[in-house]
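Chain B: place on chain A using the hints.
Now for the letters of each chain:
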Amino acid sequence: MSTSSKSVSTAPMSATTSSSMSYDEVNKLAFRALQSECKQLGLSAVGTTAALRGRLLEHFGLAKEVALEKGAAPAVTPEEIEVRRNDFTIALQTYYVMLNINLTLIQLIAYSGALRYRWHHILR
Amino acid sequence: MLIQELCATDGITFCDESDPDFDFKSLLSDVMQKSSVGHWKSATRKLKKLNKQYSTSDRPVPREAYLAVLEACAANRNNGARATEPARKILEDMAESDYEIPTDLANSCVMNSLGEGPGGTHDQCGGIDAALAMVAAVESSPNGSSSLTDATYGRLVSTLANDGAVEEAILVLRFMVVEKLFTPPLGTFADVAKAAAKSDDHAEDVLQVLTYAKAAGYELDNIAAVEAGRDLLASGVIAAEKMDNLALGLRLLTAAAKAEGCAPDSGDDLVASSSAAAQRASTLIHKRAIQQACKDNGWKLAVKLLELMPKRGLTPATSVWRSVVSTCCKNEKSRKATAILMDWVSIVSRTSVRLLRIIHVCLPSTFSLSFIADYTCKRRQGRQASCECL
Chain A
1 MSTSSKSVST APMSATTSSS MSYDEVNKLA FRALQSECKQ LGLSAVGTTA
51 ALRGRLLEHF GLAKEVALEK GAAPAVTPEE IEVRRNDFTI ALQTYYVMLN
101 INLTLIQLIA YSGALRYRWH HILR
Chain B
1001 MLIQELCATD GITFCDESDP DFDFKSLLSD VMQKSSVGHW KSATRKLKKL
1051 NKQYSTSDRP VPREAYLAVL EACAANRNNG ARATEPARKI LEDMAESDYE
1101 IPTDLANSCV MNSLGEGPGG THDQCGGIDA ALAMVAAVES SPNGSSSLTD
1151 ATYGRLVSTL ANDGAVEEAI LVLRFMVVEK LFTPPLGTFA DVAKAAAKSD
1201 DHAEDVLQVL TYAKAAGYEL DNIAAVEAGR DLLASGVIAA EKMDNLALGL
1251 RLLTAAAKAE GCAPDSGDDL VASSSAAAQR ASTLIHKRAI QQACKDNGWK
1301 LAVKLLELMP KRGLTPATSV WRSVVSTCCK NEKSRKATAI LMDWVSIVSR
1351 TSVRLLRIIH VCLPSTFSLS FIADYTCKRR QGRQASCECL
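Note that the protein sequences, when read in sequence, are chains A and B. Heads up, the first sequence is in this note's numbering, so the first residue is 1 and it goes up one at a time. Heads up, the second sequence is in this note's numbering, so the first residue is 1001 and it goes up one at a time.
The following block holds chain B by itself, in its conformation from the complex:
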């Protein structure tokens, strides 16, 4: 009782006449001031404090404050990607507060958060995760579904593909083509197809990418006219070889050959020689297809494929030449066999290999001997034997 008597405050009343919003307004003013001079770190810290300590449901942080800080963060390519995380947080806060996000700011933030480093980072800042989070935030904001452009999505897809995240890249690509009805540039498809063809367990995904390219409006018979299209077809050829789908590989090369605008070269030649992997895949596909044709006794197909190989810049192996010659001999096609042999000789002599070596290789073959004898007889009956020079 004594204490209460001592502490009695009779006759004293307290009256707070200060502005209850003073702290909020003061901090908000600081945020705007820091943003206006481009001090993004300070502005971000103050905005966070404003959001956590002073904002209420009746007095939320205004959209202008978010926009001012976001602009400061997005300046100079997200300030060298260092301001990516604050920008992501602001975009998420804006989406949560149901504030509309300006299109140019959203696209700029997402694009500039992606770099060429591992994980899509730029000097270990930003990255794919931040970009995907931004995309999710923008899409969940009011009118956000139409904010991001195809260039932004395309950059995201290419970065995902270059980082080896093929499945995610294909998902975003599908979203672009099927749901957004975009027509991404061929380079985007080529990046994803290249990444899928590079990995062992994603070869089938290349076919999916080709399907999306068709769905986006591209014709496979024309895309070889541009480099990105040739890269896409080359990835298709590599995937076809991995899947042992010979028909698909040959079909893609034929499609490349049909493309106009590759003069003086032909599209299939350019596709087959676009990379070491594409050249190897093309050679293997032709070799296997010829061997299969020889096995099925299809001399016409075998000869046709063999004729295509030099046109596509591919060098047939000795076994391939021999198989075709043998098949022709089996089917008593001596003229064709001679022509093939002559081609073989000319190609090998052009590549400065000794002629004797070829004769040494081909002469032991019973079929070769029989066809030469047969052909010599026939030719003697009519015209001069041209193969006697052998």
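Bound conformation, chain A alone:
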């Protein structure tokens, strides 16, 4: 059942034009406004909200943005995967080194404290 027409009064679409719609503007359109917009652009105005929205986003070239925002994994080359793996390894190793240094420092501080305590007793 298609109910699209030009006399949509309640849908919040008056501020936008068909030629310049952003991702947010498309997402803000109500059902009848989506139908009307699809019809104006010569697209099919039949289907669910998601289908209509998808058609409009595809028409405006915003479909890739949708995929990224939805968390879909973008296409990655093997080289990029290798680089990311190396980066991760280096970050992990740096973390271990920093941890070791911190432990050493703590040991030194404790040792110096103990020495000071001992000297304090000796001097007495």
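Just so you know, not all the hints are guaranteed correct.
Said to hold, decoys possible - Pairs of lysine to aspartate or glutamate residues, derived as DMTMM-like cross-links and limited to a Cα-Cα distance of at most 20 Å, are as follows: (1) B:1214 to B:1200; (2) B:1214 to B:1179; (3) A:28 to B:1085; (4) B:1304 to B:1332; (5) B:1198 to B:1167; (6) A:39 to B:1167.
It should be emphasised that the hints constitute simulated quantities derived from the structure, not laboratory data.
Same frame as chain A, but now just chain B:
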């Protein structure tokens, strides 16, 4: 190299023996539990999380989870329409997942998303857009084309019409009658016709609505027996007046007059007096039709229409009386002219207007004077002149 040596994990192996579906199952259990106690907001949030973070193509959200949350949302008339948007989303997700939607739930969700506020909202929740989206989702689901009942579509049509969206209302009405082969109640047609007659640029759409009413199985000659039918005919009369289609307006009033079951009143009287707009349209149609008949020298038609006006609760204007009397005089129909004059006198005297004023109005007319003289002579020849009392 030093770092790699330091970080070497020789001899250590990791083995994850936990249930890989634990998070999914845990969240699903939460969803079901929240739904069972009617916590629709929490259940909706958890269902969304389950859908976005844990469901995969191999492990989709089960239909039972959708149904449980949908039932929680649909309870208490969509929880006062506040749960309309989550219900719409669930219906769309179910349609997308090719899950069958239960008929009663689908109808309940659509019906309860519509209110009496602007845009069909209820306390600024729900509305026509949400209802239309739900209808689209239900229809695209498996076996969804036969899920929604005529009552649901009818409610949608009436709400669209009351909101002023005449074109959409007519489209849905057409879908109901032509494609679904439903017979919507007369009230649905009346709502759409009323909305179309109210707007200036949709007068022609009223005729379309009348056509759909006929196609749905109603007879225009009988529908005036019920109030919704009279409203439909009244909208037709208003539209006919706007379109200056006098024949149609008179035909609709005649159809109303034929209806049985309006006793002691007649259908045309009830239609003409159903609203101020209908009364005005009926009066104007009769007036124009009489003037046209007088112009064409059709005294019979003019007299007939003039006689119908009081029967339909309409008061003819002075100019209308005078035009008919003049036409009768022109055609040398003195008896008819006298009868009309007498009627005029009786009607005006009944409405407590002074008789002298009428005589003052009608006497200056040359035709009136000539017909009175002619009539007096004729009557004197035969019987007593009844009009001498004038």
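Quiz item: Any hints this thing doesn't respect? Which numbers, in order?
Solution: 1
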